[in-house]
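Novice: So you can see what is in the structure, the chains are spelled out below.
There are 2 protein chains.
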Amino acid sequence: MSTLSMPTADAPVVPPGCLRFKALGIDTWQEHVIYMHPDSAICRSEGFAAQARVEVQIGQRSTIATLNLVGSELLEKHEVSLSAAAVDALMARPGDEVCVRHAPSLESLRALRAKIYGGHLDARQLHEIIADISNERYADVHIAAFLSACASGRMTIKETIDLTQAMVDSGERLQWDRAVVADKHCVGGLPGNRTSPIVVAICAAAGLLLPKTSSRAITSPAGTADMMETLTRVNLTAAELRCVVGQVGASLAWGGALSLSPADDVLIRVERALDVDSDAQLVASILSKKIAAGSTHVLIDVPVGPTAKVRSVEDLERLEMLLKRVAHAFGVQVLVVRTDGAQPVGRGIGPALEARDVLAVLERSPTAPFDLRERSLLLAGALLEFCGAAVAGTGLDMATGLLDSGAAWRKFEAICEAQGGLRIPGEAVFRRDVVAEQNGIVTNIDNRHLARIAKLAGAPMRQVAGVEMHVRLRDQVSVGQPLFTIHAQASGELEYSSAYALSHAVVGLSSTAVG
Amino acid sequence: MSTLSMPTADAPVVPPGCLRFKALGIDTWQEHVIYMHPDSAICRSEGFAAQARVEVQIGQRSTIATLNLVGSELLEKHEVSLSAAAVDALMARPGDEVCVRHAPSLESLRALRAKIYGGHLDARQLHEIIADISNERYADVHIAAFLSACASGRMTIKETIDLTQAMVDSGERLQWDRAVVADKHCVGGLPGNRTSPIVVAICAAAGLLLPKTSSRAITSPAGTADMMETLTRVNLTAAELRCVVGQVGASLAWGGALSLSPADDVLIRVERALDVDSDAQLVASILSKKIAAGSTHVLIDVPVGPTAKVRSVEDLERLEMLLKRVAHAFGVQVLVVRTDGAQPVGRGIGPALEARDVLAVLERSPTAPFDLRERSLLLAGALLEFCGAAVAGTGLDMATGLLDSGAAWRKFEAICEAQGGLRIPGEAVFRRDVVAEQNGIVTNIDNRHLARIAKLAGAPMRQVAGVEMHVRLRDQVSVGQPLFTIHAQASGELEYSSAYALSHAVVGLSSTAVG
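Listed in order, the protein sequences are those of chains A and B. At position 201 of the first sequence (counting the first as 1) the number is 201 in full-length UniProt numbering, and the numbers step up by one without a gap. At position 36 of the second sequence (counting the first as 1) the number is 36 in full-length UniProt numbering, and the numbers step up by one without a gap.
Check the hints yourself; a few may be wrong.
For identical chains, the list gives no copy identity; a pair is met inside one copy or between any two copies.
Unchecked claim - Once the Cα atoms are required to be at most 25 Å apart in a straight line, the calculated DMTMM-like pairs of lysine to aspartate or glutamate come out as: (1) Lys22 to Glu320; (2) Lys158 to Asp371; (3) Lys158 to Glu128; (4) Lys158 to Asp433; (5) Lys158 to Glu79; (6) Lys77 to Asp27; (7) Lys77 to Glu97; (8) Lys22 to Glu136; (9) Lys158 to Asp169; (10) Lys22 to Glu76; (11) Lys77 to Glu31; (12) Lys158 to Glu314.
Don't read these hints as lab results, they were simulated from the structure.
Using the sequences and the hints, build the whole thing.
Specialist: This is the structure in structure tokens:
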């Protein structure tokens with residue numbers, strides 16, 4: 001066998017295509033788009049067509065962007081423009097010299113296709129795919145196909161471990177000078193289940209090191225980072241995080257600005273659009289963040305219920321097994337705690353509404369949601385024991401003491417102050433009650449419909465939007481009594497969300513007459 | 001159990017958001033994008049954010065588009081603009097009144113998620129998904145996830161039949177007043193395998209009715225429609241197609257303008273970006289087009305070879321079984337013919353280069369590619385026998401007679417004349433030879449690399465771009481002898497394609513010295 005060569009003597013040298021940046025102010029959210037004139041010399045010589053993927057460079061920075069052609073008077077032939085996200089990524093300023101060339105042929109797409117066709121990927125292939133994803137070289141359709149091809153048991157344990165390693169390798173790693181670094185995570189799927197800030201405050205008050213970083217919502221109406229952002233600054237740099245944790249022993253920050261498993265943030269963007277979140281992705285997503293954050297002991301709260309993300313004990317056991325086996329490969333301890341996922345936790349669903357519940361519990365308000373308090377104490381007690389801060393069987397008592405004495409509230413205030421100051425969340429302009437059509441007893445509450453209603457109302461993008469629950473399972477209600485209130489910041493979102501609430505069975509009532 | 005009601009007395013009425021269209025001339029290829037000012041009343045009242053999916057209406061026409069926000073002086077608050085594809089779809093003219101509202105919540109996304117998670121879909125669910133896809137209600141990430149979730153044996157026979165029916169139902173159906181309506185299709189994967197025009201010309205010359213419609217390239221450097229477009233007009237309406245077939249008994253048209261299984265065209269757009277094409281999708285794509293076109297007897301050419309689309313006899317048998325079982329459910333006869341997929345057919349790879357090969361065979365030029373001629377005669381003979389136009393065992397002779405007598409060439413000219421006139425394909429401006437680095441015998445040719453080189457050179461978008469082969473398997477070559485020539489219409493594409501050719505083993509040579 002042999003290789004080939006090409007004559008190079010007469011090969012024409014193509015000059016790099018350099019143009020001038022002009023701001024057009026087009027916002028495509030996170031997608032990188034470049035706008036060029038179809039008759040520009042570079043489009044003609046390089047043969048660029050609309051939707052081509054091209055490499056764009058300004059100075060030392062470069063990115064891959066999708067080409068849109070602008071044939072009107074907006075751009076001269078020597079000008080280019082960029083979408084807002086690409087402007088940010090390249091720090092482009094008007095008049096900057098922009099070089100545009102064909103995007104490199106992505107070898108990792110071969111591995112992606114092999115996975116779509118049902119094959120297994122090795123560590124090197126997953127590393128290449130994740131590197132290309134975290135460097136924004138994949139178009140969204142490629143990411144969607146990757147997520148779909150890896151869903152539903154199509155990843156082996158080995159692949160999941162390799163995926164996790166690849167995601168850790170895609171970013172930075174934090175290191176802490178302590179043998180035990182505690183963390184707490186909820187797999188989600190249960191609206192309003194905002195125990196993390198309370199658990200962190202209690203356990204940090206007990207002296208545990210808890211450098212907690214959270215994500216924004218994936219498919220839910222709010223992530224812990226979305227909720228915390230209504231109370232304080234969460235976009236901390238790694239240096240700021242180290243400073244906060246050094247000062248008060250804990251943080252409640254957004255992980256996105258820290259470049260911990262940055263590939264995860266790209267995957268999450270597409271998962272959100274698809275509204276899917278598979279086992280292997282879930283495990284790799286959770287653990288890559290925790291490993292990169294330097295955690296040694298991770299408590300994972302898994303709500304189980306008919307409309308929660310995990311719906312059965314079998315699903316829980318499969319997920320627990322996967323979490324433990326993958327964590328073990330990285331020397332991390334995992335404690336999985338099963339909680340009740342039958343109904344929402346607390347009253348609020350949405351960033352600001354959930355923040356109000358958290359504040360009420362920490363401030364020991366007499367109207368604080370009892371279920372959120374109980375659940376937070378249970379998890380905090382388990383984490384204290386798991387990390388050796390409490391003797392087995394005494395964790396719950398210790399946690400209750402720290403909450404009731406005000407120590408947890410003072411710790412929470414200190415964390416918020418260290419992160420940039422504590423503020424009070426806002427309130428929504430538009431509200432509408434959804435009421436019971438008959439007398440009866442609440443027999444079921446559909447978490448997925450409630451999450452959808454809160455999202456249609458604008459959560460998590462609109463901080464104050466969401467759903468405020470007025471009833472719980474087994475409550476007796478009378479006809480006309482409000483079951484929940486939709487909060488929105490725009491009338492269109494209120495209408496849209498209300499229309500969905502009206503056309504779906506959200507709260508089930510037994511037809512038994514009320515006494 | 002009960003349902004809910006909402007108070008309607010005090011519900012605010014949201015006025016539909018009507019704005020004026022302004023042309024900005026932004027070309028996003030086939031993606032529908034709407035551009036609006038972030039401070040427009042409708043964006044504020046409806047709570048639209050960048051990348052939101054919105055419904056856009058002008059007069060009686062509407063579509064779903066992705067929102068991009070334009071915060072600069074390009075648009076006033078009461079103005080909107082649209083991408084070129086959306087302008088076409090809505091026939092928008094400057095000053096038109098545009099209504100924008102939240103896109104309806106897509107119920108079929110629940111079924112899509114169920115499929116991603118490994119579930120099975122029933123006929124109703126597939127019908128809803130395909131209807132939403134063909135009406136352009138899905139974002140590309142949804143389509144990519146659907147294709148990936150249906151790949152690699154994840155569709156049952158029943159699902160494949162239901163998918164095919166849903167795709168047929170998504171468009172128009174042609175009807176012909178004949179008991180036998182013949183058709184011929186190649187599953188592809190073999191560069192340059194352009195037998196269809198020759199087979200159609202021969203069989204139509206024998207009196208068979210052959211209303212052939214072809215697709216454009218999915219993952220290959222050229223589809224039959226791309227190739228035919230270099231010779232004649234292929235964008236026929238249904239009325240024009242009926243007229244052509246009535247006049248000359250056959251057609252060689254593009255199916256895309258006929259609205260036969262239009263969902264397929266949307267799926268193909270994303271398949272092309274992903275470069276994937278799974279069994280179930282392949283069968284549903286082929287058969288939905290043929291069923292909608294009114295065919296009764298379909299010959300399917302399946303090239304088998306180590307780098308062809310179908311790589312083994314097992315793969316062929318699985319595909320044949322699936323094709324026959326699905327076709328049987330619709331009362332259509334399928335004949336699968338296995339052909340050699342070891343190397344490209346003819347000399348040209350790319351629309352215009354392949355057209356030259358086809359013309360040479362039909363015109364009985366002494367330099368016509370022998371393999372393309374032989375393969376076309378074999379398939380034409382089989383189709384003549386399958387449709388009862390030739391007695392078993394005599395098809396090949398009949399086909400050879402019709403080609404050598406010039407009857408097939410006259411029929412081909414008649415078809416092209418009826419479709420709008422025969423023209424001669426163009427030639428590329430840029431060419432570069434790739435030469436042998438040593439003496440030796442050609443031991444293997446990688447079809448996939450060749451297809452990739454032709455695509456990087458610009459095919460099928462650039463008609464004249466592609467690869468011209470100079471060697472075949474078992475040829476002896478000397479050092480410096482050209483193995484193939486890359487044709488391109490832009491120097492950048494030539495460079496890009498050449499770089500790929502240089503870095504991959506395209507043509508393998510044994511190290512045996514040449515005598």
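Novice: Run every hint past the structure and note whether it holds.
Specialist: Tested hints:
1. Lys22 to Glu320: Neither way: Lys22 and Glu320 sit 52 Å apart in one copy and 55 Å across, limit 25 Å.
2. Lys158 to Asp371: This pair counts as neither: shortest intra-copy Cα distance 39 Å, inter-copy 47 Å.
3. Lys158 to Glu128: Within one copy, since 16 Å is at most 25 Å while 37 Å is not.
4. Lys158 to Asp433: Neither, since 50 Å and 45 Å both go past 25 Å.
5. Lys158 to Glu79: neither (48 Å within a copy, 54 Å between copies)
6. Lys77 to Asp27: both (22 Å within a copy, 15 Å between copies)
7. Lys77 to Glu97: Answer is within; shortest intra-copy Cα gap is 14 Å, inter-copy 31 Å.
8. Lys22 to Glu136: within (23 Å within a copy, 32 Å between copies)
9. Lys158 to Asp169: within (16 Å within a copy, 43 Å between copies)
10. Lys22 to Glu76: For Lys22 and Glu76, both the intra-copy (9 Å) and inter-copy (19 Å) Cα distances are at most 25 Å.
11. Lys77 to Glu31: Cα proximity of Lys77 and Glu31: in one copy and across copies (23 Å, 23 Å).
12. Lys158 to Glu314: within (21 Å within a copy, 29 Å between copies)
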